[in-house]
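There are 2 protein chains.
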Amino acid sequence: MKIQSVKGTRDFYPPVMAVRNFILDGWKSASLRNGFEEYDGPIFEYLKMYQVKSGDEIVEQLFNFTDRGGRHLAIRPEITPTLARMVNQQINSLPRPIKWFSIPRLCRAERPQKGRLREFFQWNVDIIGSESILADAEVIYCTIDYLRSLGLTSKDIKAKISSRKLLAAFLLDIGIAADSLESLYPILDKKPKLPEDAFVEMLGKAVEDDGKADTIKKFMELSDISEIAGLFNPGEEAKAALQELSDLMDILGQMSVGDYCVFDPHIVRGLAYYTGIVFEIHDAANSLRAVAGGGRYDNLLGDFGGPKVSGTGMGMGDCVLEILLSEKGLLDGQLPTKNLDYFIACLDTDLQGAALELTAALRHAGFATDFSYKATGLKKQLKQASAANSAICVIIGTEYKEKSLFLVKDMKTSGQQLMTKEQVIQAAK
Amino acid sequence: MKIQSVKGTRDFYPPVMAVRNFILDGWKSASLRNGFEEYDGPIFEYLKMYQVKSGDEIVEQLFNFTDRGGRHLAIRPEITPTLARMVNQQINSLPRPIKWFSIPRLCRAERPQKGRLREFFQWNVDIIGSESILADAEVIYCTIDYLRSLGLTSKDIKAKISSRKLLAAFLLDIGIAADSLESLYPILDKKPKLPEDAFVEMLGKAVEDDGKADTIKKFMELSDISEIAGLFNPGEEAKAALQELSDLMDILGQMSVGDYCVFDPHIVRGLAYYTGIVFEIHDAANSLRAVAGGGRYDNLLGDFGGPKVSGTGMGMGDCVLEILLSEKGLLDGQLPTKNLDYFIACLDTDLQGAALELTAALRHAGFATDFSYKATGLKKQLKQASAANSAICVIIGTEYKEKSLFLVKDMKTSGQQLMTKEQVIQAAK
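Just so you know, the protein sequences line up as chains A and B, in that order.
Throughout the first sequence, residue numbering follows my numbering, covering -15 to 413 in sequence.
Throughout the second sequence, residue numbering follows my numbering, covering -15 to 413 in sequence.
Be a bit skeptical, because a hint or two may be false.
[Unchecked claim] Below are the SDA-like pairs computed for lysine to any residue, each with C-alpha atoms no more than 20 Å apart in a straight line:
no., chain 1, residue 1, chain 2, residue 2
1, B, K367, A, S77
2, A, K32, B, R(-6)
3, B, K405, A, K32
[Claimed, not checked] Which chain A residues face chain B? A few, computed with CB under 7 Å, are given here:
no., residue
4, I(-13)
5, E22
6, G25
[Unchecked claim] Some chain B residues judged to face chain A by a derived CB distance under 7 Å, without partners named:
no., residue
7, P26
8, E166
9, K223
10, P320
11, Y357
Treat the hints as calculated values from the structure; they're not laboratory data.
Glycine residues also receive a C-beta, built at the ideal position from the N, C-alpha and C atoms.
With the hints as extra help, turn the sequences into a complete structure.
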């Protein structure tokens, strides 16, 4: 019976797994060097948990099911609700700020397309319990720190930064009604994906007043924070938001990633739950979806039954990132599936006992060691050693038969030396 | 809205995550040093894939669902069918033997109990494409190599080894009909969990002939391979199986794990698909479920539409293992959730720029570094550094204000030294 894999999922054969490990291991070390602690939740949760933040529409995008106990469950499409649930449960005992990261496997029942699969991995970092702009800076810094460590320069990627607080204050200051903000955000969020005419039309319908619509369009097209002054008369809220943005840019400069960062009012983020700084990482050519995105949220814990504690965070999926790295040539020739320290070549079945003993001793000492199950010719076994990227090949043949000595061959220099078993182990250490 | 996690799942808060990482990282390094390559499959597959190996009963134990495209899918309860599917797809291009490992997250819709959760991790190693007993030895060695590396001695755990080939040959040699073997295996497999009376009764019903039933019971209670000779007159198949078992024990001895290994005919393994060597790892006190189990399978690839290529493998879950490690005190005090290289304490808000620059420079150089968002008192910040297991605390205070010098404090020795920024970075490297 031949069975296929499900469309939109991936089979991680060793060479594909090596790429996944390269990405996920990098996420983990960037998180640790930036002072984050790792957490994870279950792969499935109660379905209703995902409806809290995203409403009933989300159900269509989830793999959901009913278990034998009649519970309505879903495979997680994101980890943020789990984070909120977990933090709420221990909110009184966790020292703040809570700096946590996670690398969950997530599933979404979407139509698979470029950069979007039905199963993927996502790096999440969050800082909860600090309202300081330093926390926002840390999240952005950590994101850039990782991407920079891969070899992506400020010519390859940009962190586009804006502020939902500034946007809200600006809209109120120019006379937009408070209750129409939430319906306006998704329209503004779509601007970069729409032709200019279509955006102007949508905006016009939503705002009605032509002058205001024009001011909003001008705001969205600003390329520097300093230009805002000429556009409207900022109230207290807007002034505070502007100060915060400018402090953030200063901090990112002090942390030496200023060249990666630009102010860009196009960054709105569709989700209603962002309340402060928002950002996205894009490839400089803007030819791909966002590589990462995030921002500050004030109401997330509260929405899940917890206290009003503010947080700021980021999510980065593996699919778009992998396309970008591959386009930039940053995945080439650096990802072997095997990296042995030793390969033990045995040229005579009678000597296999010696091969087994040496293999076991080297493994026990912590060295990646393999051997051939068959005492084939030396050439074939050296090929095997080479294919497994072995640093050293130990040959058990004539010299062992006659003098109990191993021929130790350096696979790079081709230099070789005769050694006793003790000398091989000693040299390894 | 307060929402709970689903029963039988786990929330991995950082201290729990540290235990999970300790176990999973250990699995990974044991696999690599034993020459295995990592693979993984999707978290869900077509439901029918799981029915091939385990029949329709398995459906009840699965979390299964129908997606919007009408596909019947299930969250994976094991990775072996995925392995068979993946290997079959590339059987002609993969060099043999195929030595692969995986650490899948698995889900089973079972009633949660001690050592059994509805979501867990399982280490799998498989060697496909070699019929050599060396491959069986490698799988068993690798399993023990890992457990030994944790500090478990041959007094703590035993690898109980038997052979389905031997068992089948023995049963045929004493006159059991070939077509009743498959129904007999599950009964023999239950023996260790049943009171003697109950087992004798079940066996008697299945075999009918009292003499044969008694011989089978005696076989099951053998404690050494050599005792078999007196029990029945072995035919060719039985002789070959006995030779294989004895070779296996010799090899495990040569690989210096002989003291962990015992012959134990109680190891049958319920599943029909085992055809050769079978083994389980048990705690010496036998108070827990099996820590690991596996064996040789000849028909797995064929059952999934592939060629008749033999394999041998092992699975180890994280739940029973964690209980065992915890009982043996092997998880105590070794798993911090944070392990900083540097903590930057800043005693004056005006000096925060210097703190940010140094933090960023150390992180960029690859060192795990954190700092306080608030310029609180030194005592408090030293406490923070301590709580994060920081090796060094860099203090930015009076000396920095006056002479641009950092006070570098070794947290272990309490020794301290004044340095310029360049000296701090240099010393770090």
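Structure-based check of all given hints:
Restraint check for B:K367 and A:S77: the C-alpha separation of about 17 Å stays at or below 20 Å, so the hint holds. Of the supplied pair hints, the one linking A:K32 and B:R(-6) holds, its CA atoms being roughly 18 Å apart against a limit of 20 Å. For a cut-off of 20 Å, the pair hint linking B:K405 to A:K32 is broken: about 52 Å separates their Cα positions. This hint holds: A:I(-13) has a C-beta 5 Å from the nearest C-beta of chain B, less than the 7 Å allowed.
The criterion of a C-beta within 7 Å of any C-beta in chain B is met by A:E22, whose closest approach is roughly 5 Å, and the hint holds. Taking 7 Å as the C-beta cut-off, the interface hint given for A:G25 holds, the closest approach to chain B being about 6 Å. Here the hint on B:P26 is kept, as its CB sits about 3 Å from the closest CB of chain A, short of 7 Å. Because the beta carbon of B:E166 sits about 20 Å from the nearest beta carbon in chain A, more than 7 Å, this interface hint is broken.
About 21 Å separates the beta-carbon of B:K223 from the nearest beta-carbon of chain A, more than 7 Å, and the hint is not met. Hint status for B:P320 relative to chain A: violated, with the closest Cβ pair at about 10 Å, above 7 Å. Satisfaction of the interface hint for B:Y357 is found here, the shortest Cβ-Cβ separation to chain A being roughly 5 Å, below the 7 Å cut-off.
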